[in-house]
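Read off the chains here:
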Amino acid sequence: MNQKKISIDITESFEEEITCEEIMEESTDLIEKVPANLNSYFKKVKEESEIPLETVNKTISERKKDSKSFAEKYRPKTLNEIMGQAEAIVKIKIFVANYPKKKKAMVLYGGPGTGKTTMAHAIAKAMDAEIFELNASDLRNKNKLQEVLKPAIEQKSLTKLNKIILVDEVDGICAVDRGGLSELLELISITTYPVIITANDIWKNNLSSLRQKAELVEVREINYNIIKDVLINILKKEKLSINDDVLTKIAVKANGDLRAALNDLQTASRLKDPSKFVPDERNRRTDIFNALKLVLKGKPNNDLLKVYDSVDMQIDEIFLWLEENISKEYSGLDLVRAYDLLSKADVFKGRIHKQQYWRFLVYENALLSYGISSAKKNSNCGFTSYQKPTRILKIWLSNQRNAKKKSIAQKYAKLVHVGYKRAMNEFPIIKQIIQSNPKIQQELKLEKDEIEYIVR
Amino acid sequence: MTSEIWTETFRPSTFKEMVGQEDIVNRVEALANSLNIPHLLFAGPAGTGKSTLALIVVKELFKNTWKDNYLELNASDERGINIVREKVKDFARTKSLGDVPFKVIFLDEADALTPEAQQALRRTMENYSTTCRFILSCNYSSKIIDPIQSRCAIFRFKLLENKAIGKVIDRIAKTKDLSISPGTYEILYEGCEGDCRRCINLLQATAAISPAITPELISTIISNAKPKDIKVVLEYALSGDFKNSREKLLDVMLKESISGQDTIKAIQKEIWNLPIEPEVKVKLTEKTGEVEFRIVEGSDPFIQLEALLASFVLAGMGK
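For the record, the sequence lines run as chains E and A.
Heads up, the first sequence is in the working numbering, so the first residue is 1 and it goes up one at a time.
Heads up, the second sequence is in the working numbering, so the first residue is 1 and it goes up one at a time.
No lab work stands behind these hints: they were computed from the structure.
Some clues are possibly wrong.
[To be verified] Covered stretches of chain A, going by a simulated chain E footprint (3 or more residues, C-beta under 8 Å):
no.: 1; region: 20-34
no.: 2; region: 45-58
no.: 3; region: 86-92
no.: 4; region: 193-202
A virtual CB, placed ideally from N, CA and C, is assigned to each residue, including glycine.
Looking at chain E on its own, in the form it has when it is part of the complex:
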């Protein structure tokens, strides 16, 4: 509310709109601090802003001349220009070459700034295809997709022979986009053009059916050496120079996110003395790493109770991170105690879900932070590289593998009047029986791939 009022006020008192916005950006901090005495505050803003007006104008004109951010300006146009993603690019080429023999859609997944969208555009260019893009800024509910995406899928390109459909940031399809995902799946099944989908997190529950329908290609985080090379290259082109230490710092801090590195580089290049540049923490993963470090290395103290507050992650996910990494720090009795506490926190988690009584969260949180920290007698100094949780991924992969087993067990269960669960339990023996006799395979009406699973 306050901010709105001020912005109107300022627009009236100054002519140039862009300048005002610029000032607004700078002054929002102040607004938060002094919302009470507004009148005197206005004066202050006016007085202050009159002085730097010219300098602000100057930077704006400079920026207009060179308005693109580094990330946009140096976004690779062709596949060859994309650095450090050879493996993913090969997979994309294979997908396009095989289309539509295997799957009709491909999901490029990986952290931000690793080049997913760039790759999609580059492959379109390589194929001389028109690209039709739909991203998270568009409303993507069922109707909208039918309205916009369906015609795009059905109509031929006017100017080019080929067409690629790009659905960017699919994990951004949210509750508002009702029916969006299922419509997307529907469209994938009828499309005659390759569909490329990008996502940061493909392991979300609601994306499970998409995972089945699409080829999954991981776009890895970019190695910091490669990031640094890219930075050096750009500096050359921009005729700038920044000292090597700062570049290394930027490249490492970026955590595989090239776009972030470019933005930091741009910021640093604007400073009078770039060597003083310290990139701010950007990645949420740094936060979970820090939290893990505090809990697993540090001594228990009351601040730990709040350690997960700053982590932008659901407590359930933090759980998985702890589970994965405790054994990297603790051993022996410490490890036993830590897992005991973890399992107790898990009991509270179960109780929350069962009773819908969220106060139990306090206990879960305390056990996970202070509790696990207190489980160790000696702390392990030195650097530990924490690992992303792998369990969910492994479970999903094995479900994929075991899908055949399940469908066979279902068919068997129905034929011989037993429950499906019992058929699963006795599957090792059942498998041998089915293996030995092709007539049984017929009798169960097994599909070709199911027979392959059995015989293998």
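Here the structure of chain E is known, so what remains is to put chain A in place on it, guided by the hints.
Coordinates of chain A only, in the frame set by chain E:
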């Protein structure tokens, strides 16, 4: 069409062919002959003839039209209230075809139904009693709510005895030209624990390798089918190697998609074979029970099992 799966080929189709459970068979046969059965509740362990007897009852009642008048559902697959509200009611509300004035629903593993579903079933059994009879089967009748038990005639099936299983083996051996070496009966009986279905499956899996059935051959089949990897998991833990133990556990559970509950069952059985002091075995068993309780209550099976492995590490250190 005769089936190639022996549990089907050799499934008795008349009361006379039933093996074991003589007392129950006689009583049920008498009911079926009167062309009017009450709701029936068959309780007893797996592979003792509950489904078979239900099928025989239906075939005797309806003769050629049995398939039109019979619905078989397995409650362990779908255990919620919807199975009752949708499938059961839809089938129950229409009239039967033929001479018998009712149809039959066979609800297998009814003890897996949630209490709510059982409550829903209770009214359905009464409301449609003119057009529909239920045969329920379960392992433990105590898991069936009292109101349903009171509406049924209850029959308690016992584990098949050595002799009865022997009869079944002989019959199959004769038809399929198998030679049975001495000692085979005992090892089959031990391996199947009185479960006739399992016994026949073991026999067929063995016969697929050779028609000469020997105790050794059966032992290999049995041990091949057992998830022996659980032992490896525990051995790693006892030797203090938690990391490998944890990896292996995830591997075992996922490779064959074994549930948390089945895994803990295997662990509990394995404890008695571990090279540890008797009192440690008892302690670990207690801990295992606690973990199983937590899993049943809805905790994350993997995290709970990891904590259990941690206790095994402790036991391995002699603490």
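Against the structure, the hints come out as follows:
no. : hint    : verdict
1   : 20-34   : violated (count 0)
2   : 45-58   : holds (count 3)
3   : 86-92   : violated (count 0)
4   : 193-202 : holds (count 4)
Of the numbered hints listed earlier, those contradicted by the structure are 1 and 3.
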